[in-house]
Amino acid sequence: MNLNSLFQIILYVVVLLLLAKPLGSFMARVYQGERTFLDRVLGPVERFIYRIAGVKADEDMDWKTYAIAVMLFNVLGLLAVYVFQRLQAFLPLNPQGLSAVTADSSWNTAVSFASNTNWQGYGGEVTMSYFSQMLGLTVQNFVSAATGMAVLVALIRGFVRHTAKGIGNFWVDLTRSTLYILLPLSIVLALALVSQGVVQTFSEYKTVALLQPTSDANGNAVTEQVLAVGPAASQIAIKQLGTNGGGFFNVNSAHPFENATPFSNFLEMLAILLIPAALCYTFGKMVGDTRQGWAILITMTIIFVTFLSLAVWAEQSGNPAFTKMGVDQVQTNINPGGNMEGKETRFGVANSALWATATTAASNGSVNSMHDSFMPLGGLVPLFMMQLGEIIFGGVGSGLYGMLAFVIVAVFISGLMVGRTPEYLGKKIEAFEMKMASLMLLIPILLAKVGTAIAVVTAAGLATIWNTGGPHGFSEVLYAFSSAANNNGSAFAGLGANNPFYNTALGICMLFARYWLIIPVLAIAGSLVQKKKIPASAGTLPTHTPLFIVWLIGVIMIVGALSFIPALALGPIVEHLMVIGG
Amino acid sequence: MKTQIRPALTIFALLTVITGVIYPLFVTGMSQVLFSSQANGSLIMADGKAVGSELIGQQFDDPKYFWGRLSAAGYNAAASSGSNYGPLNPALLDAVQMRIDALKAVDPESTLPIPVDLVTASASGLDPHISVAAALYQVSRVAAARGLSEADVQSLVEKYTEGRQFGFLGEPRVNVLLLNLALDEIQ
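In the order they appear, the protein sequences are chains A and B.
Read in numbering that gives the first Met the number 0, the first sequence has 323 at position 324, and its numbers run on one by one without any break.
Read in numbering that gives the first Met the number 0, the second sequence has 37 at position 38, and its numbers run on one by one without any break.
FYI, nobody ran anything at the bench for these hints, they're computed from the structure.
Just so we're clear, the structure is a prediction, and the values are computed from it rather than from any experiment.
Take these hints with a grain of salt, some might be off.
[As the list claims (entries may be wrong)] Dumping the calculated DSS-like pairs for lysine-lysine here, alpha-carbon to alpha-carbon at most 25 Å:
hint : chain 1 : residue 1 : chain 2 : residue 2
1    : A       : Lys63     : A       : Lys164
2    : A       : Lys532    : A       : Lys427
3    : A       : Lys434    : A       : Lys532
4    : B       : Lys63     : B       : Lys48
5    : A       : Lys63     : A       : Lys448
6    : A       : Lys434    : A       : Lys530
7    : A       : Lys63     : B       : Lys1
8    : B       : Lys158    : B       : Lys63
9    : B       : Lys48     : A       : Lys205
10   : A       : Lys164    : A       : Lys532
11   : A       : Lys164    : B       : Lys1
12   : A       : Lys55     : B       : Lys1
13   : A       : Lys323    : B       : Lys103
14   : A       : Lys164    : A       : Lys55
15   : A       : Lys434    : A       : Lys448
Working from the sequences, and respecting the hints, build out all of it.
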């Protein structure tokens with residue numbers, strides 16, 4: 000890694016952390032119902048929505064009502080995306096005349112976008128009409144993100160309020176997340192991306208001349224190139240900001256029309272972790288002790304930087320098999336060097352490894368390089384980041400509520416060790432909270448491992464592995480299920496996943512991973528909100544100290560490592576040994 | 000539960016209109032006014048005809064042109080794709096070897112080491128760029144094929160070299176299509 004790579008990475012982390020406080024305190028104002036500078040424009044829109052919907056903004060819901068509202072809304076979204084895809088041939092905005100998407104693919108995509116996974120089983124430019132992309136996918140990009148944020152805020156209220164029942168109003172949290180946070184940020188980002196060359200048009204695909212005519216597989220002369228375009232920037236902005244990740248084009252943000260320059264790349268990468276990082280500050284602000292938010296943000300940053308370093312090193316070291324063939328992989332000022340298979344020249348190695356780590360630390364899943372072609376240890380990083388539960392920054396809302404489940408477990412274990420009743424932010428952590436938090440930890444692990452196991456012992460699961468004949472094929476399957484079971488959406492894309500087996504199996508994983516976590520989160524919120532607040536005493540374990548940060552990192556790493564090291568040993572680890580053994 | 004059905008339906012419909020219709024239309028309108036060329040694909044126009052996009056690579060295998068990255072999509076810009084070969088996949092190593100052989104076949108004298116991006120497939124299959132090293136590697140071949148001096152071709156490469164954006168972002172690179180268009184221009 001040269002100085003410039005190092006500089007770009009440090010710049011990224013510093014800008015991310017600098018933005019956490021201003022955006023975080025703005026979001027705290029939004030969720031506490033305070034006035035913001037956007038009220039003038041958006042206030043009337045917001046009140047109009049509540050009036051038509053018959054929502055009383057100050058009416059609190061108990062946790063069960065909140066959960067029902069979340070589920071109802073998400074079912075509607077899922078149905079809409081399914082129906083739009085099935086009917087797209089008869090709907091407007093389909094200049095390419097694309098036909099209906101298959102039933103299993105439509106189901107997979109509907110689950111995928113409603114659950115904020117955005118696993119891309121389809122190739123955007125050959126499958127989806129502009130109508131499906133906009134009214135189906137873009138809408139879910141917004142509201143699935145807003146759902147995650149709403150659930151997080153409900154959980155935070157569980158800590159803030161005491162001896163109460165209500166944890167907020169889902170309709171208000173959903174609407175305010177969308178209108179005040181996601182929409183303004185998306186407009187700014189989308190326009191910035193277009194300025195860099197990301198396309199935004201309703202025109203049909205463009206046709207241009209080829210400078211050097213070529214011939215196709217049948218020997219016919221090819222003199223023209225068809226360029227897929229579309230209203231991409233508006234979708235890409237929210238796909239990044241809402242940790243969604245489903246691309247407009249097949250190769251996602253590796254496509255020059257989806258991610259045109261190093262600057263568009265920087266902005267898109269920043270957008271991946273921006274809201275999840277800032278929500279840590281929002282959390283601290285809302286619980287009345289910003290140190291609590293910083294402690295969690297620091298925990299995330301330490302784990303992130305550690306694994307990022309491993310990914311950059313693995314990719315920059317290059318492929319020993321290429322070196323034997325006389326290929327120059329040494330990084331210089333004019334040669335990116337390293338393992339450039341599946342990477343774009345304008346991004347090089349550092350920005351590809353940085354993106355891969357960020358997109359899997361968060362539940363984003365967009366890509367600017369092909370993870371399937373990473374070196375074994377380079378590919379292990381995104382795989383393991385997902386397997387940790389996507390709590391290192393994590394999805395918008397979902398990352399922090401997942402992290403808070405780990406905090407509850409960490410507090411509980413430390414309480415057991417010193418023989419005191421564990422508490423967090425003045426709330427006693429008891430058997431019920433611990434059970435719910437354990438569910439949140441265990442369900443994704445179970446889904447990923449059982450799913451992988453089923454796939455590798457069935458003919459249907461084995462049939463579409465692309466890199467056959469070794470541990471890499473196993474990694475492809477493990478990656479797919481780790482991705483679905485944590486609502487990530489990135490892939491070792493060689494695996495042929497657009498078929499009934501994978502569309503169905505991964506769809507089921509995504510569904511359980513999302514909603515079986517949301518319900519325990521809301522149950523915890525409902526339980527905490529009824530409890531009394533106990534003042535801190537000499538026996539209280541402070542949860543903002545370096546000691547607690549180290550302890551929390553330990554708990555996260557032990558749970559992740561114990562769960563997945565055996566599986567990783569069969570995939571990337573053994574493959575790494577094969578690479579260095581020649 | 001019943002009391003939640005009306006808000007669920009109305010809010011879903013209203014947010015669909017706001018985020019699925021108004022938002023993309025607003026962004027499209029603003030983009031078409033402010034950044035019309037970029038929003039429509041950064042097309043390169045010559046004599047009123049689109050001869051390519053600055054952002055989308057094309058296939059080159061004629062020795063008189065600079066060659067771009069390998070493409071798993073065959074530079075089909077209506078179906079982007081990477082190779083997705085794992086690092087030990089024999090098909091990957093075959094593709095690399097074939098590219099090395101092709102480069103050596105048209106330029107047997109060259110003893111320069113071959114830069115890695117010239118023998119590997121890009122992520123999109125549409126990468127418009129190669130590294131500066133990959134362009135310099137091809138200078139002697141292109142100059143010989145066109146009967147130009149190496150110095151002339153090299154200065155053209157330098158002219159079409161983009162540095163890191165703002166001096167520090169991304170990697171220095173050469174736009175293959177623009178460079179080849181410029182080559183045809185002078186000869």
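Results of checking the hints against the structure:
1. Lys63(A) x Lys164(A): holds (10 Å)
2. Lys532(A) x Lys427(A): holds (8 Å)
3. Lys434(A) x Lys532(A): holds (21 Å)
4. Lys63(B) x Lys48(B): It holds: about 23 Å lies between the C-alpha atoms, which stays within 25 Å.
5. Lys63(A) x Lys448(A): violated (30 Å)
6. Lys434(A) x Lys530(A): holds (17 Å)
7. Lys63(A) x Lys1(B): Holds. Lys63(A) to Lys1(B) sits at ~13 Å (cutoff 25 Å).
8. Lys158(B) x Lys63(B): holds (18 Å)
9. Lys48(B) x Lys205(A): holds (12 Å)
10. Lys164(A) x Lys532(A): OK: Lys164(A) and Lys532(A) at ~14 Å, within 25 Å.
11. Lys164(A) x Lys1(B): With a Cα-Cα distance of about 20 Å, the restraint between Lys164(A) and Lys1(B) holds, given a limit of 25 Å.
12. Lys55(A) x Lys1(B): Within the cut-off at roughly 16 Å; holds.
13. Lys323(A) x Lys103(B): holds (16 Å)
14. Lys164(A) x Lys55(A): Holds. Lys164(A) to Lys55(A) sits at ~17 Å (cutoff 25 Å).
15. Lys434(A) x Lys448(A): holds (21 Å)
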